[in-house]
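Protein chains: 2
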Amino acid sequence: MTSAEELLPATAKGRATRDRIVDAAADLMLAHGVQGATNPEIRAAAKVSGSQLSLYFPDKESLVRAVLARRGDQVIDLLHTTAHGDLDSIAALRSWAAFYTERPNSWEGGCRFGSLAGDVLKSDLNLTADVTDGFDRWHAVFESGLTTMRERGDLRADAQPATLATILLAAFQGGMLLAQAQHSIDPLATALEGAIDFVASFGPRD
Amino acid sequence: MTSAEELLPATAKGRATRDRIVDAAADLMLAHGVQGATNPEIRAAAKVSGSQLSLYFPDKESLVRAVLARRGDQVIDLLHTTAHGDLDSIAALRSWAAFYTERPNSWEGGCRFGSLAGDVLKSDLNLTADVTDGFDRWHAVFESGLTTMRERGDLRADAQPATLATILLAAFQGGMLLAQAQHSIDPLATALEGAIDFVASFGPRD
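In order, the protein sequence lines correspond to chains A and B. Heads up, the first sequence is in the UniProt record's numbering, so the first residue is 1 and it goes up one at a time. Heads up, the second sequence is in the UniProt record's numbering, so the first residue is 1 and it goes up one at a time.
Errors might be hidden in some of the hints.
For identical chains, the list gives no copy identity; a pair is met inside one copy or between any two copies.
No farther apart than 25 Å at their CA atoms in a straight line, the calculated lysine to aspartate or glutamate pairs in the DMTMM-like style are these [stated by the list, open to error]:
| # | residue 1 | residue 2 |
| --- | --- | --- |
| 1 | Lys47 | Asp59 |
| 2 | Lys47 | Asp136 |
| 3 | Lys13 | Asp136 |
| 4 | Lys13 | Asp86 |
| 5 | Lys13 | Asp186 |
| 6 | Lys60 | Asp186 |
| 7 | Lys60 | Asp124 |
In case anyone wonders, no lab produced these hints; they're calculated from the structure.
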């Protein structure tokens, strides 16, 4: 966390400008990768001047950090929206998965956060901690829901929430990459169904 | 497949030069991404001139295509090497997984093929079919082994080899991305163990 990132604009207009830059950069980075999103394109898409861009984001690192944080927030919001609350039941997990698998083009661009994360990890930007933080927040939502399920008796005592959370998150990221390669949502659907079935296999024995 | 890609050098020396270029490009692309690997860097690393580079690879697409094919071959070789043969038993799958999980730094750079694939899918290069082909070949090795297991009775009749192959491949790709983010092999180990346990759950009922 640099001090540059914490310089949030004092006025509503300033915040709106900053938001517009982050949104434009996020879209361009999703489409063309972190390195493929150039300042002139970002300025044009956000309708800001070069001096406005450098006022809020003095360097690429500060901009990518803001995009990662935005995407991380959106992913967490979407988890709860698609699951209609917490991810604390098999039905909620299936509802989350269905959001993607029932929209045949949802593979386009890949995972809003994971795709960007892969790029950042390969770049020279010093943002690994920001990527880790994003995945950790996502993992925590799964782990919290799975812990509730175990406490409630929906999962047996030998179910390990942290382990199962990693399995769900990996299935999503890997399935999304395969879906992008195949131009089909099928691999993601298969990977998520497998992971959720695995979680369900820790349900109470008959 | 362009005609350029099929122009393999006629002489052993030419083939060695071409190989050196592909290896150098593959390493640079793994470290810095497809867009981050520049021609001057590739020429320097492969110790070739600009005219040699453009003789074998007239454009970036032809070079990335060759790198994808090379990485795809290496992944298939490594599958068989690490499993000591075909991936047609739970022990063979665990042996393949152990190759990664017992080497604590094997997350560095991510999956040799998958990391490159993610980059290519985000680029303007017309190479989606090459990425699909690489994952398909990988998937086929898993599917073939799982089919043998089912025929042998190691898996029940309701086990679906194609589905389980996708689950294994997704767990590997997603686990590797999370391992890169955490600078730890643990998420990959967890994802692979979960996927292999899921496959094993289709074993004959007691």
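Hint check:
1. Lys47 - Asp59: within (18 Å within a copy, 34 Å between copies)
2. Lys47 - Asp136: Answer is neither; intra-copy 34 Å and inter-copy 43 Å both fail.
3. Lys13 - Asp136: neither (32 Å within a copy, 50 Å between copies)
4. Lys13 - Asp86: neither (34 Å within a copy, 62 Å between copies)
5. Lys13 - Asp186: neither (43 Å within a copy, 45 Å between copies)
6. Lys60 - Asp186: neither (35 Å within a copy, 30 Å between copies)
7. Lys60 - Asp124: For Lys60 and Asp124, both the intra-copy (11 Å) and inter-copy (22 Å) Cα distances are at most 25 Å.
Figure legend: structure checked against the earlier numbered hints; hints not met, in rising order: 2, 3, 4, 5, 6.
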